[in-house]
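*Asks:* For the protein sequence lines, the chains are A and B, in the order given. Going by the working numbering, the residue at position 323 of the first sequence is 330; the numbering climbs one at a time, nothing skipped. Going by the working numbering, the residue at position 19 of the second sequence is 83; the numbering climbs one at a time, nothing skipped.
By construction, these hints were calculated from the structure, which means they are not laboratory data. A couple of the hints might just be wrong.
Claimed, not checked - In the DSSO-like style, the derived pairs of lysine-lysine whose C-alpha atoms are separated by at most 30 Å in a straight line are: (1) Lys194/B to Lys258/A; (2) Lys258/A to Lys159/B; (3) Lys258/A to Lys116/B.
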Amino acid sequence: MRTVLAIAGKNLLLCWRDRLAFFWWMIGFPLLIAILIGTMFAGVLSGQSQPVLVAVIDEARNSDSREFIAALSQSEILQISRSSRDDAETCVRRGSLSAFVLLPAGFKLTPAGLLDARLPIAVGADPSRTAELAYLQAALREAAAGVIRARWNDPLRRSEMIDAWLKAQGRSGPSRSLDRAAVEALLATFDPRLTSMPESAGPRPALSNVELIPFTAWRNTPRSPFDVCFPLGMIWGLLGLTAEFAMAFAKERETGTWLRLRIAPIRRWQILLGNGLACLVASVGVIAMLLLVGRVACGVRVDNPLALLLGVPCVALCFVGLTMLLSVLGRTESSVGGAGWACLLVMAMLGGGMVPRMFMPSWMETAGNLSPVKWAIVAFEGGIWRGFSLREILLPCSLLLAQGLVYGTLGVIIMPRFKE
Amino acid sequence: MIRVDHLRKTFGSTRAVDGISFEVRRGETFGLLGPNGAGKTTTLHMLVGLLKPDAGDIHIDGATDPTRPRVRRSIGLAPQTLSLYEDMTATENLKFFGRLYGLRDGRLSERVAQAIEQAGLADRSRHLVKTYSGGMKRRLHLACALLHQPQVLLLDEPTLGVDPQARLHILEDIEQLGRQGRTILFTTHYIEEAQKLCNRVAIMDHGRILAMDTVSAMIDCHGGQAVVHAELDEAPPGDWSLPGRLNGTSLSAETDHPFETVRRWAASGIRIRSLSIERPSLETVFLRLTGRRLRD
């Protein structure tokens, strides 16, 4: 074990000697990512290429709610599923759904409701995916307007609607024809959607907002955007560290010190373990340092320290395995650097570390499940603000460990191909 | 101490080592000479277990498996390529390699101090290796191989790329180690180093040992005759009947007895302006055996 510690100590010392690269790639650059790109992920970006996954909770269970859900299901930008509120909250918290839509008891759609400031709908959304929320709001307004428009175009139901509206205004009994005409004209003036205008008739005015269920009402919620974007920064710290260590291991082979290690009275596994231990310690150190900066400078809080304590070593071990594999992707330091960063960037892209996963085509999002970046983000977020239970954190942890094992094993198998 | 029997190693279609056998006795300094690509480094790498031989046996101090930690502890290898961590100091390098060989605490510090003193790096021991000259790096490189006081020293081109002063320092170190009774096997293509240091040498080329003996026996056997060359004041009159070829005022002769030849020339009455005697050297032997063709 002393030998392993000596090798690990040597690697960390060499890492420390290259402080500028260390601090830039593992602290400075990740912080930049956390603050800039992470903030963008939390709500600035727009556009989409695949449906927003939404659960609908129908607590009203009336004809209006059924009509509304049917209209919502027609939306091209949403993929709707029915769910209970508890399940929907859990799915949103875990990140498997973007949001849920709650139609409360007594839900009713009227033209008057459309003209009010708010629709009688509540939405609970993942705060790290607020860009998707904008699409959801638009889809909700469109669905509500669609229901009302369909009713208005039906003469029988139009009459019922006007009666209901006049009733809501305090008038009772059969309406006078003058009143009805005035109301019809007024409603048509307020919103051309309620007439039988063709779709191409031009832009329609915006409808009222939906109620957002405040995330603070949930069991787990980020206190600031930094809770959401710091996990991303930590990922970039690990990516930088992985590339640096992979290149350092390649440099060791290139400069001949590897040969001296190989002729020392130690076993190959001791060398590998020493290298891996150094990488593990540095990974945990980088995560801890970024968390500390996040806590002190940006108020990042850890919601479930136990889950994070379990998640961090699993993420670090996965990246240790990845380092071992990347270090044998080339014979020289520069070739490992090039190939290593290429792989890491692809993994970051697929895993949601560069581009929000909502912008990906579905095949790419599916492929992202193979990226350790995705599961590392899930593990970090699970501990920091998603409030994962220990049971919930087991899935990303086990996937990370399995990936780390596969990468590490491949690296160890390929390594002997490099002749001393 | 070291015995190699019918060792063979092939890389693809290239036979790097082709069935060589030799023995290095305890306390002996043995030189493995050969041009570039002769198979010297491959042989050393097989001796320390970095490469697995295709055929043949290796015995080091009675053990047949050089990868065993006990055997490796008895070997010190200074590879041809400098194997140092340039971003660490000399002390840090030595301490690290010492720990790999099981040195700890006071013993480690003591050995490191000795090694730094021996390498003449006392005033630069806390500077990063990347700031050292080529000679300093080579001395530290050798010190790393000696730190654990191995009985067997394998030195692969130990003076490669250093200035004459550093070279002299390294050669003196090796000489001293030989006097201390270490078994030393070193490879070089600097013939004068082998001639100066080695009890015995083997000349290797194309993976084979071409000759192996003491330096003097090797010269006697393969060096040929001494060449005596004289420049005369004037060409001697009449026919030349003494040993040697006369070409104007230049006279030369190949002979086993150069002084006797000179005495006979002087006795004949010719007036010699300058005289040189070239005795065969190990370099002569080397070039005779390996040829004068350039090697990569």
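*Asks:* Run the structure past the numbered hints and jot down the numbers of the failing ones, going up.
*Replies:* Of the numbered hints given earlier, the structure breaks none, since each of them holds.
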